[in-house]
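Sequences listed follow chains A, B, C and D, in order. So for the first sequence, my numbering puts the first residue at 39; every next one is plus one. So for the second sequence, my numbering puts the first residue at 39; every next one is plus one. So for the third sequence, my numbering puts the first residue at 39; every next one is plus one. So for the fourth sequence, my numbering puts the first residue at 39; every next one is plus one.
Honestly, I wouldn't trust all of these hints.
All copies of an identical chain are treated as equivalent in the list; a pair is satisfied when it fits inside any one copy or across any two copies.
To be verified - No farther apart than 25 Å at their CA atoms in a straight line, the calculated lysine-lysine pairs in the PhoX-like style are these: (1) LYS100 with LYS80; (2) LYS90 with LYS100; (3) LYS80 with LYS90.
Honestly, the hints are just simulated from the structure, not real lab data.
Next come the chains, spelled out residue by residue.
Protein chains: 4
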Amino acid sequence: MGSDVSTGAGRKARGREERRQAIVDGAFAVFARQGYGQACVKEIAREAGVAKPTVYNHLADKESLYREAVEAAADRVGARCLAAVDRLREVEAAADPRAGLGTAARDLLRICQDEEARAVRRLADAETAQFPGLAASVRERTALRIRSALADRLARLALAGRLRPCEPETAAEHLLALLTGPLEYRPDADPDAVAEAAVEVFLRAYGVGRG
Amino acid sequence: MGSDVSTGAGRKARGREERRQAIVDGAFAVFARQGYGQACVKEIAREAGVAKPTVYNHLADKESLYREAVEAAADRVGARCLAAVDRLREVEAAADPRAGLGTAARDLLRICQDEEARAVRRLADAETAQFPGLAASVRERTALRIRSALADRLARLALAGRLRPCEPETAAEHLLALLTGPLEYRPDADPDAVAEAAVEVFLRAYGVGRG
Amino acid sequence: MGSDVSTGAGRKARGREERRQAIVDGAFAVFARQGYGQACVKEIAREAGVAKPTVYNHLADKESLYREAVEAAADRVGARCLAAVDRLREVEAAADPRAGLGTAARDLLRICQDEEARAVRRLADAETAQFPGLAASVRERTALRIRSALADRLARLALAGRLRPCEPETAAEHLLALLTGPLEYRPDADPDAVAEAAVEVFLRAYGVGRG
Amino acid sequence: MGSDVSTGAGRKARGREERRQAIVDGAFAVFARQGYGQACVKEIAREAGVAKPTVYNHLADKESLYREAVEAAADRVGARCLAAVDRLREVEAAADPRAGLGTAARDLLRICQDEEARAVRRLADAETAQFPGLAASVRERTALRIRSALADRLARLALAGRLRPCEPETAAEHLLALLTGPLEYRPDADPDAVAEAAVEVFLRAYGVGRG
DNA sequence: AATGAATGAGAGTTCATTCAT
DNA sequence: AATGAATGAACTCTCATTCAT
Chain A
39 MGSDVSTGAG RKARGREERR QAIVDGAFAV FARQGYGQAC VKEIAREAGV AKPTVYNHLA
99 DKESLYREAV EAAADRVGAR CLAAVDRLRE VEAAADPRAG LGTAARDLLR ICQDEEARAV
159 RRLADAETAQ FPGLAASVRE RTALRIRSAL ADRLARLALA GRLRPCEPET AAEHLLALLT
219 GPLEYRPDAD PDAVAEAAVE VFLRAYGVGR G
Chain B
39 MGSDVSTGAG RKARGREERR QAIVDGAFAV FARQGYGQAC VKEIAREAGV AKPTVYNHLA
99 DKESLYREAV EAAADRVGAR CLAAVDRLRE VEAAADPRAG LGTAARDLLR ICQDEEARAV
159 RRLADAETAQ FPGLAASVRE RTALRIRSAL ADRLARLALA GRLRPCEPET AAEHLLALLT
219 GPLEYRPDAD PDAVAEAAVE VFLRAYGVGR G
Chain C
39 MGSDVSTGAG RKARGREERR QAIVDGAFAV FARQGYGQAC VKEIAREAGV AKPTVYNHLA
99 DKESLYREAV EAAADRVGAR CLAAVDRLRE VEAAADPRAG LGTAARDLLR ICQDEEARAV
159 RRLADAETAQ FPGLAASVRE RTALRIRSAL ADRLARLALA GRLRPCEPET AAEHLLALLT
219 GPLEYRPDAD PDAVAEAAVE VFLRAYGVGR G
Chain D
39 MGSDVSTGAG RKARGREERR QAIVDGAFAV FARQGYGQAC VKEIAREAGV AKPTVYNHLA
99 DKESLYREAV EAAADRVGAR CLAAVDRLRE VEAAADPRAG LGTAARDLLR ICQDEEARAV
159 RRLADAETAQ FPGLAASVRE RTALRIRSAL ADRLARLALA GRLRPCEPET AAEHLLALLT
219 GPLEYRPDAD PDAVAEAAVE VFLRAYGVGR G
């Protein structure tokens, strides 16, 4: 019943949970733009459309704000990547995997290149000293989750004889490495070309005889 | 003989250039430990064994300090990596490249895993907003330099028929990706195992029939 | 009737505007005592009974503080002088102006000799370089305003035939000069004597035959 | 002999006294430009063409520098004014004093309007708190000296019957006030007009019947 | 629950001044 | 006597955080 119609008064003051969301999202936007050190709570409040003390009503302090914002964004990015990998499920086990892998690879790469994913990587590693567990937590929510999902798919392909027998986790790491590694050298490279080359090389190493 | 003139006395107040070096090095140590935002100039001065204003006598402000420190460290890391790659020159063109590549790969990986290299990566990306050109500058001094050197070696091997004909820059990216990519998932993985797997996969994709 | 709502409690945390007033007044007191350079914001805050950052909540920086403080004080001094001049209105046009002018002269001189007016003069001229428009602004609020008001009165007297025909602005300048000029040589001279001499000389130059 | 040809070596490193002069003059230039607070010793040194510690070899500290610079400049201004007044000596006692007074008045006014004299006034009053005796010292070297000299001349004129009998110090104050007072309202007024009006009014009040 | 205002703590930076050469 | 370099002491200003409303 009228669940998400919010307060009725107007556009802004929704339920408590939505308000909290707005703050965390605003925080991510500001942190992504300015980094932890340069970001100031006042601007986060402005971005979220609330007053500064309201921020403190929802989150304990600037550090919590950072952790929550980064982890939430990591979840979003991880979910998007997972969806891309999961589309591999639809590939017929009997079919040539090249096309399916290529599509997934392109989609993944596009996600890695968008600003949100870059910001998550940056923010997760940036403040290692002040946020000891954060990098690992983000890795858990993104890289490891993706690797795991991809390993599942590769294991099925290997079982179906479309890939050599291999250690699926390692194979997944290698495919992902071939895919995202080149971004180190050319962050804005054409994702299609990079993806195609990655899959090509991956299949040369992991594919079976024909192709 | 007898190195320079220097102070004669001993340990501290050497020439202006050495003093500057000490400051930049101290800055890197502190930034690596605490990040840009948490680091304070006072501590950098203490680390360098000088008074705070002396820092400002040598470098204009905290920002310059950061840039200089990070770029200098990037140069050091880049140089070490380059040396590892250059040891490939000694590999006989006629020999099986596996052993040589394996050695270089292990050495590179060890460098990437040490604290200095990790700090350089972290610091270069962390403050994108405040230091717009820094990430690119560091990439130039490390990744791109290494890729270029490795591409040179791979090109020779291809020319000697020990590798398939290939685009050397891309091949280098792929080898480096296979090497360092797994660190995303297991930052403290055993470098020997990772290196061996990387070279194995690389040679399956880029090697020639036998070996 | 009960003034505003205000705190009820009593002496300190009144409305925003009063707080601001307290800060500006405190600033003037400190600047008057120490000059711009020696004054420190910490002491201004203490003088105003607030914490240092509160000062910055109300005024952008030390420079604004100075400008506001000096201009506000100039307005106060100007108003007091104006009141003294305006008391001349009550002089009957037909009467001998000597007594009226004498009273006004004495009053003006006393104002010029008090610490607030001296401080305004000093502070307005002191930092010409850092506050380019300030001296002119203060002149506008004090000297020019006074001259203008006095010129009005002298013009009426001239029209009534109690003074020679003259250019009122110039006559006013001359009277004021005769009045305040001697302070250059004897800052603490007896104001009554100085005022009397000034009026005497002025009337000899500007008065009509008899008196 | 060869007294003031200086060191012979070249243009800069003159005798100790000249070096000191250069420093004090440089200090005045910088203080006049920036005020005491904003002026920094480094710039004074640069202006004088010496290194910073050399400044401290000649003058104890920044305060001495200020006092010396301001007093020296006050002496220069005072001397120039005195010369202008002293030219009144050449006026024949029997002649109409109007012309002579007018010339002296114009000359004095021009001096008061030039940048050096304005700076002296400004700097003498600006830092009352930090330099308690300075304002009085400068007054002594300028205003009082000038008043005294002018009073001498006026006394002679009175004695010669060209002016009414009067108290010469007061008369001098009045003439000087009529002269410089208008600068309060119009700092860049035409000196000739102001001087003429001042003398006119002065003579109306202090002159004898005819002229 | 939300805000305007206030504050304690601390950072970067500057400068007058002093060694050591 | 003159300088390059170093330093101790301050100062302005900012910010995360908390009252009082």
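Which numbered conditions among the earlier hints are violated in the structure presented, ordered from lowest to highest?
Hint check: nothing fails, all pass.
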